[in-house]
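Visitor: One letter stands for each residue in the lines below.
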Amino acid sequence: MGKQKTKGKEGELVQYITKGKAMRKLQLNTKQFHRLCILKGVYPRDPRKKKDSSKTYYHTKDVKYLAHEQLLSKFREIDSWVKKIRKATVKKDGMKAEKLKENAPSYSLHHLLRERYPRFGDALRDLDDALSMVCLFASCPSNKDYKISFDMIRMSERLWHEFELYLIVSKSVRKSFLSIKGIYYQAEIKGQEVTWLVPYQFAQHLPTDVDYSIMLTFLEFYHTLLRFVNFKLFQEVGLSYPPDLSVPTSQHISQAQVPEDNFHFDPEFQSDPDVKKIQKMHEDREASKKLFKGFVFFLGRETPRYSLELIIRSCAGEIAPDDCDQVTHQIVDRPINETRQDREYVLPQWVYDCLNFKILLPIAPYKPGCQAPPHLSPFVDYQQESHIPDRLKEIMQLKGENIELQQEEESQKKELGKIMMTKKIRNLYTRMQFSLKRKRARVERLARGMEKMEVEESNPN
Amino acid sequence: MADDSSDEEIKVRIGDIPLSYYEDLPIIGYGIDGKAVAKVVEGDALEKHIAKSDDPEWWRTLTDHLNAKKVKITDEMLEVIRKIRQRKSFGSDFDPYRDLEPEAKPQISGFGTDVMPPKRRFVPSKWERIKIGRLARAIEKGWLKPKLEKKEEVFDIWADEDQEEKPAPPKWNLPGNAESYNPPDEYLLNEEEAKEWEEKEPMNRESEYMPKKYPNLRRVPAYENIMKERFERCLDLFLAPRVTRPKINLDPDSLIPDLPDPETFRPFPEILQMKFVGHEHSITHMDFLANGEYIASGDSSGEVKIWESQTGKCLESLKFKKRIYWLAWNPIKPLLAICCGKNVYLKSFECSDKVSIDYAEAPENQLATWEWKDDEVKIKMRKGVRKVIWHGKGDYFATLCKRESTSKKVAAHSLSRFQTQKIFSKQSKGDVKSIAFHTKKPLFFVATEKNIMVYNLKQGVLVKKFKGLENPTHIAIHPSGDHILAACEDCKLLWYDYDLSSTPYKTFLYHKRELTYTHTHKRYPLVATCSLDSTIHIFHAQVYQDYMQNPSIIPLKIIKTDGEPIQCLFHPKQPWIAAVIGKEISLFI
Numbered sequence: 001m002g003k004q005k006t007k008g009k010e011g012e013l014v015q016y017i018t019k020g021k022a023m024r025k026l027q028l029n030t031k032q033f034h035r036l037c038i039l040k041g042v043y044p045r046d047p048r049k050k051k052d053s054s055k056t057y058y059h060t061k062d063v064k065y066l067a068h069e070q071l072l073s074k075f076r077e078i079d080s081w082v083k084k085i086r087k088a089t090v091k092k093d094g095m096k097a098e099k100l101k102e103n104a105p106s107y108s109l110h111h112l113l114r115e116r117y118p119r120f121g122d123a124l125r126d127l128d129d130a131l132s133m134v135c136l137f138a139s140c141p142s143n144k145d146y147k148i149s150f151d152m153i154r155m156s157e158r159l160w161h162e163f164e165l166y167l168i169v170s171k172s173v174r175k176s177f178l179s180i181k182g183i184y185y186q187a188e189i190k191g192q193e194v195t196w197l198v199p200y201q202f203a204q205h206l207p208t209d210v211d212y213s214i215m216l217t218f219l220e221f222y223h224t225l226l227r228f229v230n231f232k233l234f235q236e237v238g239l240s241y242p243p244d245l246s247v248p249t250s251q252h253i254s255q256a257q258v259p260e261d262n263f264h265f266d267p268e269f270q271s272d273p274d275v276k277k278i279q280k281m282h283e284d285r286e287a288s289k290k291l292f293k294g295f296v297f298f299l300g301r302e303t304p305r306y307s308l309e310l311i312i313r314s315c316a317g318e319i320a321p322d323d324c325d326q327v328t329h330q331i332v333d334r335p336i337n338e339t340r341q342d343r344e345y346v347l348p349q350w351v352y353d354c355l356n357f358k359i360l361l362p363i364a365p366y367k368p369g370c371q372a373p374p375h376l377s378p379f380v381d382y383q384q385e386s387h388i389p390d391r392l393k394e395i396m397q398l399k400g401e402n403i404e405l406q407q408e409e410e411s412q413k414k415e416l417g418k419i420m421m422t423k424k425i426r427n428l429y430t431r432m433q434f435s436l437k438r439k440r441a442r443v444e445r446l447a448r449g450m451e452k453m454e455v456e457e458s459n460p461n
Numbered sequence: 001m002a003d004d005s006s007d008e009e010i011k012v013r014i015g016d017i018p019l020s021y022y023e024d025l026p027i028i029g030y031g032i033d034g035k036a037v038a039k040v041v042e043g044d045a046l047e048k049h050i051a052k053s054d055d056p057e058w059w060r061t062l063t064d065h066l067n068a069k070k071v072k073i074t075d076e077m078l079e080v081i082r083k084i085r086q087r088k089s090f091g092s093d094f095d096p097y098r099d100l101e102p103e104a105k106p107q108i109s110g111f112g113t114d115v116m117p118p119k120r121r122f123v124p125s126k127w128e129r130i131k132i133g134r135l136a137r138a139i140e141k142g143w144l145k146p147k148l149e150k151k152e153e154v155f156d157i158w159a160d161e162d163q164e165e166k167p168a169p170p171k172w173n174l175p176g177n178a179e180s181y182n183p184p185d186e187y188l189l190n191e192e193e194a195k196e197w198e199e200k201e202p203m204n205r206e207s208e209y210m211p212k213k214y215p216n217l218r219r220v221p222a223y224e225n226i227m228k229e230r231f232e233r234c235l236d237l238f239l240a241p242r243v244t245r246p247k248i249n250l251d252p253d254s255l256i257p258d259l260p261d262p263e264t265f266r267p268f269p270e271i272l273q274m275k276f277v278g279h280e281h282s283i284t285h286m287d288f289l290a291n292g293e294y295i296a297s298g299d300s301s302g303e304v305k306i307w308e309s310q311t312g313k314c315l316e317s318l319k320f321k322k323r324i325y326w327l328a329w330n331p332i333k334p335l336l337a338i339c340c341g342k343n344v345y346l347k348s349f350e351c352s353d354k355v356s357i358d359y360a361e362a363p364e365n366q367l368a369t370w371e372w373k374d375d376e377v378k379i380k381m382r383k384g385v386r387k388v389i390w391h392g393k394g395d396y397f398a399t400l401c402k403r404e405s406t407s408k409k410v411a412a413h414s415l416s417r418f419q420t421q422k423i424f425s426k427q428s429k430g431d432v433k434s435i436a437f438h439t440k441k442p443l444f445f446v447a448t449e450k451n452i453m454v455y456n457l458k459q460g461v462l463v464k465k466f467k468g469l470e471n472p473t474h475i476a477i478h479p480s481g482d483h484i485l486a487a488c489e490d491c492k493l494l495w496y497d498y499d500l501s502s503t504p505y506k507t508f509l510y511h512k513r514e515l516t517y518t519h520t521h522k523r524y525p526l527v528a529t530c531s532l533d534s535t536i537h538i539f540h541a542q543v544y545q546d547y548m549q550n551p552s553i554i555p556l557k558i559i560k561t562d563g564e565p566i567q568c569l570f571h572p573k574q575p576w577i578a579a580v581i582g583k584e585i586s587l588f589i
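As given, the protein sequences belong to chains Z and X, one line each in that order. Per my numbering, the first sequence starts with residue 1, numbered consecutively. Per my numbering, the second sequence starts with residue 1, numbered consecutively.
Misleading hints may appear alongside valid ones.
[What the hints assert, rightly or not] Below are the EDC-like pairs computed for lysine to aspartate or glutamate, each with C-alpha atoms no more than 16 angstroms apart in a straight line:
1) Z/393 to X/186
2) X/147 to Z/98
3) Z/437 to X/251
4) Z/418 to X/253
5) Z/414 to X/261
6) X/39 to X/23
7) Z/418 to X/258
8) X/383 to X/404
9) X/166 to Z/98
Because the hints were derived from the structure by calculation, they are not lab data.
Turn these sequences into a full structure, and let the hints guide you.
Guide: Shown next, in the form of structure tokens:
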């Protein structure tokens with residue numbers, strides 16, 4: 001006779017624990033549990049077999065990992081500290097309360113960084129959310145009800161400006177997109193593509209249906225992350241951290257020692273298509289690093305100044321502090337009357353389009369006061385999208401490149417082949433067709449829109 | 001009032017050390033709390049000179065080094081300085097002791113008041129002493145700590161990197177062209193789409209924003225949902241279960257099996273050669289004469305036409321009273337069996353060689369009566385006849401009657417003996433859908449709603465049963481006799497191997513609607529199916545005598561028809577196919 005099996009000792013389900021049980025085990029309430037999960041980067045799992053499908057499950061290993069967290073005792077300390085203050089105030093022992101408030105238990109989150117991101121590359125990969133969050137809060141008003149403190153906002157601002165400084169110094173902004181939500185940037189840092197969204201410069205509206213305590217927990221962690229990432233990045237370009245942001249940027253640029261990436265290929269492999277692809281990417285990178293070299297820009301008051309500064313500086317351009325004779329390009333976003341002969345007047349979109357296509361585009365369509373050509377997203381993979389806007393075709397012609405679309409041809413051979421598919425493969429095939437069909441519908445819609453426009457153009461009445 | 005006085009607390013506590021000791025340092029000394037006090041920046045001579053010319057009050061500004069601040073001399077103080085320099089008295093209105101608070105206020109003496117101040121004015125407070133004692137004790141024991149300075153520490157946390165890689169959170173979708181502040185016009189929604197977008201619940205919308213075009217960048221407003229969207233992303237990051245689904249990074253076309261080129265399997269029918277037009281009602285059935293010379297067709301009004309298959313010329317036309325259900329040429333003689341109402345007519349035509357069936361006394365029969373009229377034979381059944389098929393040797397033919405009791409549905413007729421008999425005494429339940437003779441052996445196939453039954457005609461017993469059908473519309477026996485094809489209403493073509501198994505050897509699902517007919521070519525290895533989805537599929541189907549070798553089935557051609565084909569029939573000799581579509585017969589070669 002074999003060993004008797006006891007219930008709840010084996011099987012897949014033993015690895016998972018419901019949220020309620022996990023909270024009871026850790027002796028935390030929901031708020032604290034969420035806070036800990038956010039900081040530790042623990043998320044629920046989806047076991048294949050569930051006892052109760054309405055419940056949320058966590059991996060038992062994750063719960064153990066939470067239970068060993070040193071922050072747990074710190075949280076308890078904070079709890080008792082809050083109680084002490086309350087007690088002192090109720091007893092009217094103002095001095096004691098005052099003293100207690102001075103010495104709030106402090107904690108740091110940097111030990112979590114190494115746990116969550118064992119390598120620097122991992123931290124960079126998670127920077128998308130961190131930067132978007134920090135940039136959003138940098139433009140938020142402080143609010144007492146939501147406990148958004150002024151210090152938090154100041155910190156967000158500082159970290160974002162520090163990061164901006166790094167981008168300028170290392171010249172790593174690769175793409176940027178003016179969307180209706182804000183300005184997207186994509187930078188290439190140590191081979192990782194980091195994309196984030198910076199809202200336009202307005203004080204943000206704070207909606208009521210958002211749990212700010214959760215947002216602030218994220219923000220707290222992202223502050224720590226960004227501080228350490230900034231430190232590491234500054235160290236790499238040979239600048240001291242924290243940098244003095246009051247000093248003009250050009251001084252930082254002159255102090256920095258950006259490591260050169262020595263990049264060359266053995267001519268033996270030149271014909272390899274993969275090598276060619278990498279070489280093309282490298283050429284693009286180098287092109288964007290010296291795109292505006294030798295240009296001096298003067299920015300109009302109505303333009304998004306900080307964003308333009310970031311892009312122009314990271315493409316080796318210069319910004320004139322005031323209207324002087326060295327200015328080669330003046331960026332204006334309103335109709336102008338007086339023009340000077342010795343400079344070009346362009347819309348801000350020109351700068352973004354130049355960055356995205358890695359060439360200096362003709363200035364004529366970007367004259368101030370007229371409608372600029374459509375602004376395209378640099379993040380679209382046109383091999384997947386299969387609809388090419390006219391503007392892209394124009395630019396590709398300018399660059400002397402052409403993008404080939406995969407032509408969908410419904411050949412009879414394919415139809416015949418489908419007959420011989422087995423049931424399993426046929427099911428897989430039909431499932432794959434589902435998303436393709438949706439994509440095709442989207443492309444058709446766009447194509448229809450274009451046709452309609454052409455018809456309207458040809459007979460305006 | 002001037003705030004300087006000798007009793008005021010001095011910030012820098014350096015004692016009697018001359019200030020020159022600190023000349024080279026950025027600090028002036030240390031404060032009471034032991035912290036360095038920074039020097040007041042005075043600047044160099046040039047700056048001093050500029051300050052001198054800029055600031056009109058420069059001359060009355062002094063630097064207080066011990067307190068590390070700048071002091072401005074007021075007019076009052078100037079007056080005092082002037083008087084001191086002139087060695088004059090300060091004047092009557094100047095109080096040299098004004099900063100000194102009197103220890104005790106002068107008592108208001110008078111009636112009813114104590115002249116002496118109370119004791120508490122002179123004795124230090126007990127409670128203060130207790131409190132101070134308590135604080136002192138707390139400091140002594142280490143309970144009361146000085147205020148801690150918050151320090152942001154930052155260092156290179158990734159100095160020694162681990163090699164293990166942690167799974168990253170899923171990235172968000174990057175914006176497309178529609179999100180641009182100035183998108184190409186085709187990305188904007190038209191009025192209907194915009195209305196639809198607005199009417200939908202925010203959850204069900206395809207995109208969370210409405211594409212918009214702004215004339216210039218300075219007019220782009222703040223995006224109001226930005227905080228909400230970021231919050232939702234945050235919730236996704238810590239509340240959503242993360243499942244890593246292996247993404248099939250596969251070109252769907254690579255799943256399609258690579259077939260040999262149809263060119264290598266020629267000949268097979270490909271293009272429309274001609275149409276046989278002439279019927280006024282929709283054709284119900286057609287058949288080729290055994291040598292392929294003529295085609296007989298019958299329509300729903302009861303008209304039978306004989307066509308020359310080479311030219312499409314209508315040679316003869318004949319009118320019957322009722323709808324023609326089925327036609328079949330005798331495989332040996334040019335004798336046509338026609339199902340019309342309850343009767344089966346056996347008839348030969350002028351155009352082909354005339355075959356006459358001499359009158360004979362047919363034996364008495366329950367099932368059918370044989371009648372002779374002119375040159376045709378009429379076999380009258382008890383119920384309406386739907387199908388008639390000839391045996392390969394041309395002597396026997398079988399009929400299928402509707403609404404007959406199950407055992408009498410299928411009857412076999414002998415042309416030489418003018419006899420009609422039941423094929424089986426007992427038959428399982430279910431409507432008979434189709435019947436067929438085996439090409440070589442004395443076997444008879446009956447397709448019911450779910451099964452194909454195989455009877456041995458000599459012994460009159462059920463030999464085999466094939467399963468897995470769903471309302472077959474037609475069954476065809478491969479000329480080799482080892483394979484059975486069943487066209488079903490559930491869009492499937494089932495391929496049975498007679499010796500292999502009772503379940504289909506292969507199931508094909510390629511028609512979109514129910515199949516109507518299937519046929520195999522007598523000479524070429526070709527199979528055709530037609531369906532109501534207006535297509536005829538032609539296959540190459542090579543079967544081998546060797547049991548070990550699987551039949552090779554290769555799709556060759558999809559012929560699209562301009563109507564719903566209800567029958568497709570190969571030419572007996574040529575690799576051609578004829579299809580019945582509405583009122584016409586189309587011939588593809």
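Visitor: All hints, please: hold or fail.
Guide: Here is what the structure says about each hint:
1. Z/393 to X/186: Status holds; Cα separation ~15 angstroms.
2. X/147 to Z/98: holds, 11 angstroms
3. Z/437 to X/251: holds, 14 angstroms
4. Z/418 to X/253: holds, 9 angstroms
5. Z/414 to X/261: Distance ~12 angstroms between residue 414 of chain Z and residue 261 of chain X Cα, so the pair holds.
6. X/39 to X/23: Between residue 39 of chain X and residue 23 of chain X the Cα gap is close to 10 angstroms, so the pair holds against 16 angstroms.
7. Z/418 to X/258: holds, 10 angstroms
8. X/383 to X/404: holds, 6 angstroms
9. X/166 to Z/98: violated, 44 angstroms
Checked against the numbered hints above, the structure breaks only hint 9 and satisfies the rest.
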